[in-house]
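Enquirer: Sequences listed follow chains A and B, in order. Residue numbering for the first sequence follows this note's numbering, starting at 1 and increasing by one per position. Residue numbering for the second sequence follows this note's numbering, starting at 1001 and increasing by one per position.
Since the hints were made in silico from the structure, they are not lab data. Note that this is a predicted model, so its numbers are computed, not measured. Treat the hints with care, as some may be off.
To list a few chain B residues with every Cβ distance to chain A over 12 Å, as calculated [unchecked claim]:
id	residue
1	1015
2	1016
3	1089
4	1143
5	1150
6	1153
If you want the footprint, here are the derived chain A segments under chain B, 3+ residues with CB under 8 Å [stated by the list, open to error]:
id	segment
7	17 to 30
8	44 to 57
9	64 to 71
10	128 to 140
11	164 to 174
The beta-carbon is built from N, C-alpha and C at its ideal position, and this holds for glycine as well.
This is what each chain is made of:
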Amino acid sequence: MSCAAPLSQESLVAYWAHDLPPEEVERIDEHLMGCDRCSAASAGIARLVSALRALIPPVIDRKTAAGLRARGLRVVENPLLPEERRTAYFASDVDILLHRLGGLDLARADRVAVAVRDEESGRVILDLPQVPFDRDATEVLVACQRHFAALPPNVVVEVTVHAREGGASRSRFPIPHVFQQ
Amino acid sequence: MLEDETDGVLVRRIATGSGARAEEAELCRRFAPRARLFGLRHLRDDDRARDLAQTVMLAVLQAAREGRVSDPERVDRFVLGACRNQMLRAKELDARVQLDDDPGRDLVAGTEEPIRTDALVRCLDALDDRPRTVVYLSFNEGRTSAEIAAAIDTTPGNVRVLRHRAVEQLRRCLQLGEET
């Protein structure tokens, strides 16, 4: 397997991220079809990207939540208010524990950001500057998933609502988790 | 050894019409995975990508048998043309690609082991904050580098660098090599 001018990893990642102009996509399509080496490299990235795309987003809106239920996933709701510390039990027969983070004024929101921190260390586990939300609701939906058991169990979810007219308000939701086998 | 023959030799032998099954299998081994990748990239669905690859390889084999591949050494161009035609058909139909030949032989062999979600989440957690955010926004939410740059206050070029380094780190963490 040899290639006189291998495609760069950066180009291949951008190709799979659908982040290239059409003429560049055509050029890469042509190269990949005729090149064993770059095709193998592309397949490796594609496998990882497919796995990433299959992940359910950690923050979802009502429509997505309904879609997950329609797929047959077992979704259990967990309504919470800011600073209400209540242990969330992820039962063994549940696919998604849907944290409904309430008490939020979303009607005038321009965007909503969500950060998840490890409560003990303060380390940021996830930092999403713009998440989906339902403007007519007063809550943001966090889709806690079984594989999140790989993450620290005691987390604080910080929801920042950026208002259209400027200014922002932040709400904290400390959520200790217990994942039951 | 057939693996050592050029694409052109395989195509010419298939065109002799003497039932060159081994050559056909070798041609499929080389091009079916690439056609599936093309389908995966452009149709964003593995089932549809497999259908596309199956249909394309049937068309390529038929053309090779009938001596319709005008430049056998560049059969890759013929395959790509067939992929593009089939992709357009699939998008127009916006439905599963209909097979119009006997799909009795599976020309798109091999299914790689899926990546374990818990391992992937662990490896995502090991990334620094910004690259992890870039990975989520790129692949989970489908945003472009320009959109991500605006969201995290950096440049599109920096997003592309963060993204490809993060992908490389994830592949190392998951111990993924290149596919064969």
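Enquirer: Against this structure, judge whether each hint is valid.
Expert: Hint check results:
1. 1015: 20 Å, holds
2. 1016: Residue 1016 (chain B) is indeed farther than 12 Å from all Cβ atoms of chain A, at 24 Å.
3. 1089: 17 Å, holds
4. 1143: 9 Å, violated
5. 1150: About 9 Å separates residue 1150 (chain B) from the closest Cβ of chain A, which leaves it inside 12 Å; violated.
6. 1153: The claim is violated: residue 1153 (chain B) sits with its nearest Cβ about 9 Å from chain A, within 12 Å.
7. 17 to 30: Check passed, 5 qualifying residues.
8. 44 to 57: It holds: at least three residues are needed, and the segment 44 to 57 of chain A offers 13 whose Cβ sits within less than 8 Å of chain B.
9. 64 to 71: Per the Cβ count (0), the hint is violated.
10. 128 to 140: Held - the segment 128 to 140 of chain A has 3 residues with a Cβ nearer than 8 Å to chain B, which meets the minimum of three.
11. 164 to 174: Answer violated; 0 residues pass the 8 Å Cβ test.
Violation of the numbered hints given earlier is confined to hints 4, 5, 6, 9, 11; the remaining hints are satisfied by the structure.
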